[in-house]
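> Throw the hints in and build the complete structure from the sequences for me.
Each chain, written out:
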Amino acid sequence: MADASTSAKGDLKLANVTKSFGEFTAVDDLSLVIPEGSFFALLGPSGCGKTTTLRMIAGLEVPTAGTIHVGNTDITDMRPYKRPVNTVFQNYALFPHLSIFENVAFGLRRRGIKDVKEQVDKVLNLVELPHLAERKPTQLSGGQQQRIAVARAIVNRPALLLLDEPLGALDLKLRRQMQIELKWIQTEVGLTFVHVTHDQEEAMTMADTIAVMNEGRIEQMGSPADLYDNPKTAFVANFLGQSNLIQGKIVDSDGDSHVVDLYGQKVSVLKRRTVAKDSSVLFGIRPEKLRIQPDSHDKPGNVLTGGKISDVSYIGVSTQYQVEMPWGQEIMVFEQNDDGVPPLDKGDEVRLSWEPIFSFALDGNEDATAGVDVEPEAE
Amino acid sequence: MKKLSRWFGKNLIRIYMVLGFTYLFIPILYTIVFSFNDYIKSNLVWRGFTWHNWQTPCGVPNICSDLGNSLKIGLIATFVATILGTLIAFALGRYAFKGRPAVNTLIFLPMASPELVLGASLLTIFINLGFNLGFWTIVIAHVMFCISFVVVTVKARIASLDPRLEQAAMDLYANERETFRRITFPLVAPGIAGAALLAFSLSFDDFIITNFNSGTVETFPLFVYHNAERGLPAQANVIGSSMFLIALIIVLAGQIVSRKRKIA
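Read top to bottom, the protein sequences are chains A and B.
Residue 1 is where the first sequence starts when you use the working numbering, and the numbers rise one by one after that.
Residue 1 is where the second sequence starts when you use the working numbering, and the numbers rise one by one after that.
Treat the hints loosely; a few may be bogus.
As the list claims (entries may be wrong) - Just some of the chain A residues that point at chain B, by a computed CB distance under 10 Å:
no., residue
1, 5
2, 24
3, 55
4, 83
5, 90
6, 93
7, 107
8, 108
9, 110
10, 149
11, 156
12, 255
Hint data in this document are derived by calculation from the structure and do not stem from the laboratory.
For each residue, glycine too, the CB sits at the ideal point set by N, CA and C.
Right, dumping it as structure tokens:
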């Protein structure tokens with residue numbers, strides 16, 4: 001059959017896609033290109049528009065405005081069963097009245113393929129569950145159902161595989177294992193995977209490229225390392241891992257660095273790691289990049305003095321400190337337990353230091369708490 | 001004393017259960033036992049055991065032709081009510097249209113109205129329209145009151161159906177018709193079957209509405225009513241017991257099948 005469900009190939013392009021439900025804009029003028037063969041993650045909190053975006057690509061929602069293309073084929077208004085797209089649904093949506101074999105064969109049979117056995121067996125082998133072919137979905141564990149849902153989708157060799165929170169229902173250990181397996185399957189079959197998740201660790205582990213979404217827009221897009229090391233907004237800095245964001249002012253320039261005043265103490269940040277509209281900045285530093293010493297020590301690099309430990313949690317590989325600064329803000333510090341020095345105590349006077357290349361500066365007019373404590377996925 | 005109260009505390013639920021089931025089953029047991037009664041004229045006093053009633057279930061005038069009427073009416077009414085009710089249930093369960101909340105409420109009205117009122121109103125309508133009372137007026141009346149029960153039963157099944165299953169089917173290249181045939185219908189079918197059984201038992205059982213609209217046609221419940229004054233023949237007990245046993249077998253078979261499915 002020469003319809004789009006088999007012939008369309010190429011990059012996925014969303015151009016100016018908007019989706020409104022009445023007054024509410026779920027996706028707001030979204031444009032992005034997902035290269036063929038990549039593992040792409042849409043990451044964001046509940047209600048950020050990521051699932052709506054996925055459903056528009058699948059054809060389960062029609063955009064209010066904008067276009068969606070696979071290669072040169074416009075799929076914006078195409079019925080879901082005509083698209084070269086298959087979905088792994090949240091909670092899997094396996095057909096309860098059909099055997100595992102028939103579940104996996106469903107897409108092939110609908111496209112009029114008579115001899116499905118070889119392809120179904122092959123994909124069941126790929127997910128390592130060939131012995132469950134005759135069972136019903138309810139007789140499978142959560143992890144097994146998840147793998148069957150993946151098998152049911154990839155057996156069709158779609159141009160695009162969409163994964164909607166595919167690991168949300170699994171426990172932590174199984175989730176880790178499935179993350180590795182999904183990544184392996186993607187490399188094995190070479191399809192484009194678009195993965196929607198609220199779990200930043202899941203996105204970082206699997207995806208080549210992550211788009212962080214918030215309130216219907218893409219905040220920032222890049223490789224996991226790029227997003228973590230060079231956040232461009234407070235939301236990304238806080239949503240991906242944790243960040244200490246301190247209100248400051250650029251007071252001077254020194255070669256390729258800015259000098260920033262943080263409540264009277266001078267520190268520096270690279271100009272290329274600064275995103276600021278004016279002199280007001282949010283000075284950012286990740287907790288694991290900070291070093292903590294008794295206040296009498298003298299260390300080169302950027303230093304903030306006058307801290308006082310307000311909380312210590314020892315968690316084996318590292319010790320987490322909460323340090324109260326003279327201006328009242330709590331700063332988080334993760335210290336690796338690799339130096340044989342016993343952890344400092346609550347109430348100790350300390351200074352914090354770091355290599356200047358690790359710090360970044362964001363627009364000072366942003367809310368420093370954006371993306372902190374966002375609701376976990378509501379299901 | 002303390003021992004006794006502790007024993008009661010432990011077994012209260014069991015005692016309650018035994019009492020409850022006794023209450024429920026004594027009338028049925030009575031019906032079955034008295035189907036073997038060697039009665040003369042009136043089947044009220046135990047006079048001794050006989051197979052005779054079970055060997056001649058049609059041995060009383062009209063009893064089997066009336067049973068035949070009930071079965072025919074029941075089957076036709078069930079068939080029509082199940083089809084119409086299922087269509088309404090899909091419309092209510094799947095499509096948002098103007099006036100849906102009103103229809104959702106109105107569909108309950110026939111269930112909530114007193115049967116006497118419904119029966120009397122139907123009679124008025126039939127007479128005003130110049131219908132001859134009989135077999136088909138009974139069928140029309142039965143379809144009417146069965147539809148609501150079918151709608152409510154099937155709608156509950158549709159509501160419990162995860163819409164993502166249909167979306168998944170569409171995602172896997174099934175068009176609307178294929179999705180309905182392969183996914184929606186098979187998953188709703190047990191609800192439709194349950195609704196049909198319910199409709200049949202309601203129709204087979206109905207006395208009040210039927211009594212208003214039957215003309216000269218007699219159904220099995222009407223037979224029982226008309227003969228109760230003169231003394232009900234034990235053959236009525238035979239037929240009642242048979243219906244009970246058939247229903248029991250259907251329920252047990254259903255459970256065995258579903259258990260097998262779970263194990264397989």
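> Hint by hint, say whether it matches the structure.
Status of the hints after comparison with the structure:
Against a cut-off of 10 Å between C-beta atoms, the interface hint on residue 5/A holds, since the closest Cβ of chain B lies about 6 Å away. Below 10 Å, beta-carbon pairs count as interface contacts, and residue 24/A has none with chain B, the closest being about 18 Å; its hint is therefore violated. Given hint, residue 55/A at the interface with chain B, holds; its Cβ is 9 Å from that chain's nearest Cβ, closer than 10 Å. Taking 10 Å as the C-beta contact cut-off toward chain B, the hint placing residue 83/A at the interface holds, the least distance being around 8 Å.
A distance limit of 10 Å between C-beta atoms decides the matter here; for residue 90/A the minimum to chain B is near 8 Å, and the interface restraint holds. For residue 93/A, the interface hint holds, since its Cβ comes within 10 Å of a Cβ in chain B; the closest pair sits about 4 Å apart. A hinted interface residue such as residue 107/A counts as satisfied when its beta carbon comes closer than 10 Å to some beta carbon of chain B; here the least separation is about 4 Å, so the hint holds. Checking residue 108/A against chain B: minimum C-beta separation of about 9 Å stays under 10 Å; hint holds.
Interface restraint check for residue 110/A: the shortest CB-CB distance to chain B comes to about 4 Å, inside 10 Å, so the restraint holds. Taking 10 Å as the C-beta cut-off, the interface hint given for residue 149/A holds, the closest approach to chain B being about 9 Å. The closest approach between the C-beta of residue 156/A and any C-beta of chain B is roughly 7 Å, which is under the 10 Å cut-off, so the hint is satisfied. Proximity of residue 255/A to chain B is violated relative to the hint, the smallest CB-CB distance being about 56 Å (cut-off 10 Å).
The structure fails to meet hints 2, 12 from the earlier list, while all remaining hints are met.
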